[in-house]
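Quick note, the sequences are listed as chains A and B, same order. First residue of the first sequence? That's 1023 in the working numbering, and the numbers climb one at a time after it. First residue of the second sequence? That's 112 in the working numbering, and the numbers climb one at a time after it.
Keep in mind that a hint or two might mislead.
To be verified - To give an idea of the chain B side of the interface with chain A (calculated C-beta under 8 Å), a few residues:
1. Ile120
2. Ser187
3. Gly188
4. Met190
5. Arg198
6. Arg200
7. Val203
8. Gly212
9. Glu216
10. Leu217
11. Thr233
12. Phe241
13. Phe253
14. Leu254
15. Thr324
Stated by the list, open to error - Examples of chain A residues lying across from chain B (beta carbon under 8 Å, computed):
16. Gly1058
17. Met1059
18. Asp1061
19. Ala1063
20. Gly1067
21. Arg1069
22. Tyr1076
23. Leu1077
24. Leu1080
25. Lys1087
26. Ala1088
27. Lys1091
28. Ser1093
29. Leu1094
30. Gln1334
Calculated from the structure, these hints are not laboratory results. For glycine and all other residues, C-beta sits at the position ideal for the given N, C-alpha and C.
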Amino acid sequence: MSGARAAGGAAAEAPSSDGGPVPVPGAAPTDVDMSGMYDPAGSGGLREMLRRRYLLRLLLRRELKARYKGSLLGLGWSYVRPAVYFCVYFFVIGVFMGMDRVIEDFPVYLFSAMVLVNLFTETLTSATRSVLHNAPLVRKVFLPRELFPTASLLVSLVHFLPGLAILVIAAIASGARPSPSTLAGALVGFAIVVLLGMGLGLLCSAITVFFHDMEQVVDISMIVVVWSVPMIYPWTHVRDSAPDWVLDLYLANPLVSAVTLFQRAFWLPGTRGDMPPVPHLTAHTLASLAFAVAMLLFGQWIFARLQSRFAQEL
Amino acid sequence: MAAPAPSIIVDSVSKRFTLRHARSIKDMTIRAVRRQSLSETFHALEDVSLTVHPGETVALMGLNGSGKSTLLKLISGVMTPDSGTVRVRGRVAGLIDVGAGLHPELTGRENVFLNGAILGMTQAEIRRKFDEIVEFSGVARFLDNQVKFYSSGMFMRLAFSIAAHTDPDIFLIDEVLAVGDPPFREKCLQRIRRLRDEGRTMVIVAHDIQMLTKLCDRGVMMRSGRKVFDGDVAKAGEMWRQDRQRPRPASQPVG
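Generate the whole structure from the sequences, applying the supplied hints.
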């Protein structure tokens, strides 16, 4: 690289001084050496993230620092919201409405689903905003734009870890001893959520640049997501009160499989096991995983196609 | 002798912008009922070709809206052309609104690392140049203060200093020389001259014709998205001066 630069510097003097062929201004190059030349707007997609991981780390740190700067509680705020949700669900649904008596160890059941659902909603909502909120950078500096949704995902993961630690402690305290196979299942559930959240996040962040409405659509959809998984009620309630095709549709939701896998690892072993298992969990899991991977590829493809127009739209 | 390997090739590039007058459904309906157009296209660049060789210092000249900045954005990769191709060799660093990468909530020190990484430097590289960057910017005393408390001059000095130390092969400079007080401006120019003498390629957009003619060895004159002259910088500057004195032709698109 440096050798080429030195040679280039010398060559630049040449045309004017020794009367060599002065490049015709503006003429389309025909016989020039094109080796080493590249498209400045070319992007390597998500693979590029590995190469720019130092920048990613700084963006992550910036995100975490800037969000809570000037507040007394700092990062603590990211735990207050889930804690409040948890208390509301536990007391209203669990105690007042009696779900505590329907589902054994209801707090663990609730919490094992909640950490995963929070990871999904936070990833998706913050990724959706990420490109729009970094508009000054997108407009002025060329960066692989996938950096912004990826940084959002990392922030959500940082928030997820303490929740997971609390879950593990609560599970063990309630007498659950997760087996290696159910833990592997939980890992698959986690993968489904991350892949799906990232895929949808890429898709929605690209659309948001063109239609700012998308941010609202995603925000509102998240209300539905929270209630569409067996988190504050058992799946059997859907079986007992809705027609079969609704149940099939319900169980086809990848998030339902992911949540069920988490509960199977952290909640089920601590109970007497009188909750009927979700039917065809393995098949649903495999389908969900395949769907999540497809979503990620699709999201990345759409993002890559639209990102060349980001700078002029913002 | 074969033509030396160029560092920037812009080959018959065109760029259109669509100016949307209505974004919401309500506005669209109103405009549709009144039979007004929903959008209009505006040719920012039309069939522009440009080959720049290593070590050349090129000034892009022309009135506002003639396409200089768009051309610079295409070379930096921020935008992509509608037709034609842009190819570059080596690392490109843009001094295009240098303040964009600074985050107001972070300290000066944190911003040096963040903005350095945004501009493509590695961690080791930033560590190595850290002292030099701080020294050049002259904000050493306030390094651990949040950037939002900086004066606008300090802000721009830090931003310029980071960008000027990225060691690019191709340097794109847009209007940043208008910032800062005269002594700092002179320092910036010195830095740019040094980078130029090291054989780096530069493309500069600025409004100071006199400064450009002194700094650059080639001038490209743009009018309404077309390249009308490419050659001696003094001559290009003369054309630009004439354009400025002449009232704007009515046919020129507004925007």
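> Would the stated hint for arginine 200 of chain B survive a check requiring a Cβ distance to chain A of less than 8 Å?
Replying inline: holds (5 Å)
>> Can you verify the interface hint for glycine 1067 of chain A: is its Cβ closer than 8 Å to any Cβ in chain B?
In response: violated (15 Å)
>> threonine 233 of chain B was flagged as interface toward chain A. Is the shortest Cβ-Cβ separation under 8 Å?
In response: holds (6 Å)
>> The hint names lysine 1091 of chain A as touching chain B; please verify it with the least Cβ-Cβ distance against 8 Å.
In response: Because about 5 Å separates lysine 1091 of chain A from the closest Cβ in chain B, which is inside the 8 Å limit, the hint holds.
> For the hint on tyrosine 1076 of chain A, does the least C-beta distance to chain B fall short of 8 Å?
Replying inline: holds (5 Å)
> Under the criterion of a CB-CB separation shorter than 8 Å, is alanine 1063 of chain A in contact with chain B as hinted?
Replying inline: holds (4 Å)
> Against chain B, with CB atoms and a cut of 8 Å, does the hint on lysine 1087 of chain A hold up?
Replying inline: holds (7 Å)
> Was the hint right that glycine 212 of chain B lines chain A, CB cutoff 8 Å?
Replying inline: holds (6 Å)
> Taking 8 Å as the limit, does the beta-carbon of methionine 190 of chain B come near enough to a beta-carbon in chain A?
Replying inline: holds (5 Å)
> Holds or violated: is there a CB of chain A closer than 8 Å to the CB of leucine 254 of chain B?
Replying inline: violated (16 Å)
> Should the hint that valine 203 of chain B touches chain A count as held when the rule is a Cβ pair under 8 Å?
Replying inline: holds (6 Å)
> How about arginine 1069 of chain A: closest beta carbon in chain B under 8 Å, or not?
Replying inline: violated (17 Å)
Hint violations for this structure: numbers 12, 13, 14, 15, 20, 21, 28, 29, all remaining hints satisfied.
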